[in-house]
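Number of protein chains: 4
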Amino acid sequence: MKTLNVAIIGHGFMGRAHSHAWKNVAQFFDVDIQPNLRVACGRDQAALRRFADRWGWAEIETDWRETVARPDVHIVDIVTPPLLHHDIAIQAARHGKHIFCEKPLALNARQAQEMYDAAQTAGVVHYVNHNYRRVPAIALAKQLIQEGRLGRIYHWRSAYLNSSWVDPQRPMTAALQKEKGGIGVAADLHSHTIDLARYLVGEIASVVALTRTFVTERPRLGEAGTGRVTVDDATSMLVEFENGALGSFEASRFALGRRNYNYFEIYGSRGSLSFNLERMNELEFFSLDDPEFVRGFKTILATERVHPYAAAWWHPGHIIGYEHTFYHAVFDFLNAVSTGKPIAPNFADGVQIARVLDAATRAAETGEQVVLDAG
Amino acid sequence: MKTLNVAIIGHGFMGRAHSHAWKNVAQFFDVDIQPNLRVACGRDQAALRRFADRWGWAEIETDWRETVARPDVHIVDIVTPPLLHHDIAIQAARHGKHIFCEKPLALNARQAQEMYDAAQTAGVVHYVNHNYRRVPAIALAKQLIQEGRLGRIYHWRSAYLNSSWVDPQRPMTAALQKEKGGIGVAADLHSHTIDLARYLVGEIASVVALTRTFVTERPRLGEAGTGRVTVDDATSMLVEFENGALGSFEASRFALGRRNYNYFEIYGSRGSLSFNLERMNELEFFSLDDPEFVRGFKTILATERVHPYAAAWWHPGHIIGYEHTFYHAVFDFLNAVSTGKPIAPNFADGVQIARVLDAATRAAETGEQVVLDAG
Amino acid sequence: MKTLNVAIIGHGFMGRAHSHAWKNVAQFFDVDIQPNLRVACGRDQAALRRFADRWGWAEIETDWRETVARPDVHIVDIVTPPLLHHDIAIQAARHGKHIFCEKPLALNARQAQEMYDAAQTAGVVHYVNHNYRRVPAIALAKQLIQEGRLGRIYHWRSAYLNSSWVDPQRPMTAALQKEKGGIGVAADLHSHTIDLARYLVGEIASVVALTRTFVTERPRLGEAGTGRVTVDDATSMLVEFENGALGSFEASRFALGRRNYNYFEIYGSRGSLSFNLERMNELEFFSLDDPEFVRGFKTILATERVHPYAAAWWHPGHIIGYEHTFYHAVFDFLNAVSTGKPIAPNFADGVQIARVLDAATRAAETGEQVVLDAG
Amino acid sequence: MKTLNVAIIGHGFMGRAHSHAWKNVAQFFDVDIQPNLRVACGRDQAALRRFADRWGWAEIETDWRETVARPDVHIVDIVTPPLLHHDIAIQAARHGKHIFCEKPLALNARQAQEMYDAAQTAGVVHYVNHNYRRVPAIALAKQLIQEGRLGRIYHWRSAYLNSSWVDPQRPMTAALQKEKGGIGVAADLHSHTIDLARYLVGEIASVVALTRTFVTERPRLGEAGTGRVTVDDATSMLVEFENGALGSFEASRFALGRRNYNYFEIYGSRGSLSFNLERMNELEFFSLDDPEFVRGFKTILATERVHPYAAAWWHPGHIIGYEHTFYHAVFDFLNAVSTGKPIAPNFADGVQIARVLDAATRAAETGEQVVLDAG
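Taken in sequence, the protein lines are chains F, P, D and U. Numbered per my numbering, the first sequence spans residues 1 to 375. Numbered per my numbering, the second sequence spans residues 1001 to 1375. Numbered per my numbering, the third sequence spans residues 2001 to 2375. Numbered per my numbering, the fourth sequence spans residues 3001 to 3375.
For reference, chain F alone in the conformation it holds in the complex (with noise of 0.2 Å):
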């Protein structure tokens, strides 16, 4: 078997995610190319230190451009604040590495499309971490839709909540702030919603939105004084899609008693389905083909054989949790380099998600209705 290095740039949060999908795939899955967990990249050399021991990476960095030139790096993983993920992949490109993103893959559609033309000029296979297209669940739910099971497609409902800053106490952070590179809920939870939307009804037509901050002063960590909330607290979108349909969005971090709360449903002339990625391996499905006194949204557990990504797992009704859709995401990438075909999300998606997040701002600012030129 091929093996083929891996360099990490950020080992927040998702570095861990990321590392322990690396690090074990190929338990789980039958990967033609075994991924090396070769350098991992950080400012932070102590943290970085633990990072690397902890998840095995062989080598540690301090400067990404010298970790994105390596001649020994064929894989560049981006899990950085979404400020650097412009430059980080641009170069990474530009020396030829394939590049695994952390969602968002940009802060507007311009750096994105700079993305985009920088991975595809330079021929690498490029991926932005939508991960939830690869919840078992919500695969299951295109391949209903691609088999025709839900007809013409009326309605996109969504809602992706949490309530991670209610709280008005809680301290500010750079993550508030749009001019330390802190992106709202609009980039951090639409994008994912977007995603979806994209990947199971179409392309977004035009969009209406509102805005809002909540709470815009917050209290400084070990500090005086208050600092100024730069980013939305929530946003809301309508939109029309190319085929006609309507859509919903709505994302929030002042959603008392949701803590993961991507929720969609989907209407259409013949079938509907519902999701809830806080029961992530359930898919509510309701059918016209069933006989009338027995039709009902059906709870589907798509923890069997036959559903997508499943029988890599365990016994049916044997739950999967969050990080199994980095394993799922990494084994389609892995794939993806080994054939040279490209994968989906990529950055040509990024660039969508960000053109549509670039008009609900625009919409939110002005009032008015942005209708999205065909791109």
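Derived by calculation from the structure, the hints in this document are not laboratory data. Positions of the beta carbon are idealized from the N, C-alpha and C atoms, including for glycine. Some hints could be false.
[Claimed, not checked] With beta-carbon atoms standing in for the labels, derived distance ranges:
| id | chain 1 | residue 1 | chain 2 | residue 2 | range |
| --- | --- | --- | --- | --- | --- |
| 1 | F | Glu365 | P | Gly1202 | 17 to 27 Å |
| 2 | P | Leu1004 | F | Gly148 | 53 to 63 Å |
| 3 | F | Gly202 | P | Leu1004 | 55 to 65 Å |
Fit chains P, D and U to the given chain F structure using the hints.
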């Protein structure tokens, strides 16, 4: 006990639900006024006769103008198509009748305002039957909000979905033709959710909206050719409330698997709620007051003696159904007549709801946010 | 239309539910016989007077023997404590009255048999009000089973739980004293689930059981000291059905959080069902007929026109409540009277249920499996 | 950090789950002992080789006696069919190895007792892998009970259901033949629920039981004719706990729609709980401490940092899966080895569980209640 005579104008689905409540309210609630089912009015004499016999209306009439002018009628219950509400209510008011009017109050805010003015001028009790306020679980929601258990409200998220028109072969009716008095989902379904949002959250300050008619031509019943649908199949709105909360409303008749899915979620700084009319005896409540390790949405079965209206019915756990809300409305209406105090929602509420709907129509037409003036 | 006079004996909680149904059945169902609320019988004359006035019973009586002997009474509705069912039913039968009897039919199988014999000898229509058979979702379950959609049945799992006596300070009543005619959970709750199990699965062949009184002494109301509880607080049974299925039944008044939790699951070779009375409009159905990748329990909201009894009520998705089952029972009872055909469950069913309960008592006392003889 | 060598005996489904945990535990938990995957032992050398390569076991062995005798092995992990547990564990103990043994511990209480005696005599750490104790939601249940939040416990109701053998054409295997070491649902599934019941409620004092083999003949794989199933397809038990609570247990492989449905409810004088392994991140909790008008079962998503084990994983709302319980078990086992303190459930627990299962077998055979002696 005092007895007052009721006249009902209209005898369809809603006529049944109202008749049932007038006839039986006094068995379950201690009323000060005994309603007497005096006269039923309608145009199809044979059907009206059967209706009156079945429900115990003492007489029938075919002219609503004569009906509302009868000196022996004290209460007029309007269950006609919405097209007629305006004229009937105004005449009824002029004749000094108390008015119990089905929703939506009117076809637009101007009509609603005239109805309100007439009723106020006449000094009669007026009520618009957004009956869901009187679902025990929703009345409980109101109580929790009034007690401050949700804190400052950040989000209202709602949908009113059914699947009544998904079948493209379902034939045309007047209800789908605006020019024949038909109303779309906005007026039909959103009027209910706007009522609930105003009741539970507050006044709406601005609106953006999208609207859609998915099936624009339908076969004519018993005729060749098709007719043009001139009302909306689906309308979605995003709103700002005066108190700063964000709101979403989605209504559709194209949501397979949903039958009477009047659903909302409310998120506040201290707690959250959710409700689904298809499980109307239940309220979901999340509270920050719970210790951190036992927080979660709680399913309250609102059938306890301590819950609003519930003591009038059966033992705890013995659920009630759709029509019980009509009893609650009739009981409270009779109390209003007895005490001379207003009941809510009344025509003033109907005006506000119609103003939001008018704004939504304009927003959907223009693609622009519409700010409601202070009213 | 023919009119028959009804006498009701008893006027408590069940008196209300029955009166409501007699009074209003003809508004929702096309009856051949119009029931006339002729006479209400009870011992507390003042309370009885209020009851009769409220519900429209034309007369009152205080002696049940005279009541059941009245020539102008055609139907006797027995809603007294179970202690009296036996004598009243036998007298009513002897006077040729049709009998609508609340559950449990009798205190034991011997009594039930005598009631059955008397009713059969008299040739009257007899019915025991295990009303839950007529919940639309349960009638639908029966239909699915009859159509073979569950195949061979392997398991019946049931529980009927409430929390009515968890509070150890709740004072003593006659209902907790066997010597005063009190019945425990077995007769009160299991009688319902045994009825459902026989209806849906088949006859029970043998029983093992455990029983418990958790709080054996309770304060007397308005008296010093405590009284001894002489009925069971909880009883559990395991049974073999004649067709080879295994069954479980658990009943308790000590299950906090459950209020009227009449729950069952049925597992067969082709499909499965589950039901919970607290969500009585819903039936969960799993079918092997579904393609493997979309199998799951489906929530059927049994409010469609194609569902049993549902067309008589409201639109789909508009749920019904507890008391509607009484309408269904009264409607079917009136049809039985009209056609002279038996209705189920009748006194023969009451006998079988009592035999199972008697066997459970013996099993719990002896710790041994009790085999029911072929009956 | 100290390193200890592990030998695994067996390499099936459970071999994968255990290997994964040994290999990765140190990435998520701060272990004092680093487990080293030293040797994998099995009989099918080719399959074993693949297994060892995939999971990183340094060597393979085909003779378990030699494996457990190796001086370089410190921990023996037994994942063979239950038939072999007894001999392997006793030999491992005699060689002074710490023992991590899959469930059920043994084929009967006598075997289990001998294993316990051997392990105690040897002074080694012994553990039987009833891993569900270490589901965070169940560990939380334990904590709630220990804090007195349920009060006095009245009821344990449980079921462990799957549908693995509903298909009558699924061919015979050794697992269905007692004479080949096969175990039925009682030992396979009830052993887990008995472990949970003892953990959460207390010791079991008496048992009544029914058992059934629904499909007694199955086709032989690759041979003509059928073989006789000599284990149970379903077994149900009712028990009395020493503390006076009543318990029920049902296990079946004939429950269509259930895949790994390890379900329980606990009812106490102050609160109630329910849990379903198919939604293993959730615990339902009802508490009398809540004000009366907001009581209900609460769905706690046990992924908060304050929940047992959860802080080691992802952010709140990011659920974990089946295999995570193995990490928890391995982590606690390593701590036990490190500190020399016992871990639960251990072989003493295995003995008690086997005694209940033996009693259930006798109860089912005789139809009589079996009282466990004080042990």
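Hints, one by one, checked against the model:
For the pair F:Glu365 and P:Gly1202, the supplied restraint of 17 to 27 Å holds, since their beta-carbon distance comes to about 25 Å. At roughly 58 Å, the beta carbons of P:Leu1004 and F:Gly148 sit within the given window of 53 to 63 Å. For F:Gly202 paired with P:Leu1004, a C-beta distance near 58 Å keeps the hint of 55 to 65 Å intact.
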